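Under full-length UniProt numbering, read the sequence shown as residues 1 to 205, first letter to last.
Hints were generated in silico from the structure; no laboratory data involved. Quantities reported herein were computed from a predicted structural model and do not represent experimental measurements. Wrong hints could be hidden among the right ones.
Unchecked claim - With a Cα cut of at most 30 Å, we get these calculated DSS-like pairs of lysine-lysine:
| hint | residue 1 | residue 2 |
| --- | --- | --- |
| 1 | LYS124 | LYS139 |
| 2 | LYS128 | LYS151 |
| 3 | LYS88 | LYS50 |
| 4 | LYS164 | LYS21 |
Claimed, not checked - DEER-style ranges, computed between Cβ atoms:
| hint | residue 1 | residue 2 | range |
| --- | --- | --- | --- |
| 5 | TYR157 | ASP132 | 30 to 40 Å |
| 6 | LYS179 | GLU150 | 16 to 26 Å |
| 7 | SER158 | MET138 | 24 to 34 Å |
| 8 | ARG14 | ASP132 | 50 to 60 Å |
Idealized CB from N, CA, C, for every residue including glycine.
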Amino acid sequence: DIAQFNIEFRELERIYNHETKLKAFMLIKLVDRSEIEEQAKKEEAVKARKRAKSKGESFESYEVAYMRLLKLTENGDIGQLVEDYLEKEGKNFAYFSYVTELNNDMERLQKRIEVVQNEISHLKSQQKAAEDIIHGNMKGMEEQLQKTTEKANLYAYSVKESSKILDQLKSAVDFLFQKVGCDATKIMLHLGETGEITDLNLMQY
């Protein structure tokens with residue numbers, strides 16, 4: 001799950017960086033100095049026409065305004081000047097709308113990245129807790145195994161020591177039995193033994 005989130009997180013970062021670069025490029029285009037100066041001239045021409053029309057300027061004022069507009073045109077076509085202005089305005093509005101959309105997309109991506117980061121942190125916390133539990137269980141099992149091993153070794157040592165003592169006791173009993181000249185016939189008949197002292201018949205002797 002964490003690997004999948006990491007892949008998705010990197011993809012979101014890549015898209016975010018791409019959108020940021022694209023936004024910067026569009027902003028540079030929008031603030032091009034020469035275009036701003038040209039746009040200002042054309043806006044001034046249109047404003048002059050509107051002022052002349054709304055205020056009822058005299059024919060001479062119209063003529064002066066007309067001449068100023070002509071100076072702003074390249075080929076003396078004022079209609080083309082207006083069309084160019086409107087076309088530029090349309091493009092600028094489209095650029096502005098696109099930049100706004102990019103901003104919104106980047107905000108959504110940023111929020112998504114934050115969500116993914118939070119999910120990754122949560123998963124890491126869960127993984128850490130699980131590892132701690134497993135580690136604790138393994139440590140407990142290792143300690144229990146060590147205790148059991150130590151106890152088994154102790155029992156084995158006790159059995160070994162007991163066997164040594166029992167062998168010594170059998171030898172001592174056999175020695176005494178023979179030393180005092182006891183008759184083992186009855187014991188052998190009773191036990192069905194061969195006369196040898198064993199762990200099972202030691203108490204009978």
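Mind checking the alpha carbons of LYS88 and LYS50 for me, to see if they're no more than 30 Å apart?
19 Å, holds
Going straight from one Cα to the other, do LYS128 and LYS151 come out at no more than 30 Å?
34 Å, violated
Take a quick look at whether LYS164 and LYS21 sit within 30 Å of each other, Cα to Cα.
88 Å, violated
Within 16 to 26 Å: is that where the Cβ-Cβ distance between LYS179 and GLU150 falls?
43 Å, violated
Please check whether ARG14 and ASP132 have a Cβ separation lying inside 50 to 60 Å.
34 Å, violated
So the hint says 24 to 34 Å: do the beta-carbon atoms of SER158 and MET138 match that?
30 Å, holds
I want to verify a distance hint. Is the separation of the beta carbons of TYR157 and ASP132 within 30 to 40 Å?
With Cβ atoms ~37 Å apart, the hint holds.
For a C-alpha distance cap of 30 Å, please report whether LYS124 and LYS139 respect it.
22 Å, holds
The earlier numbered hints that this structure contradicts are 2, 4, 6, 8.
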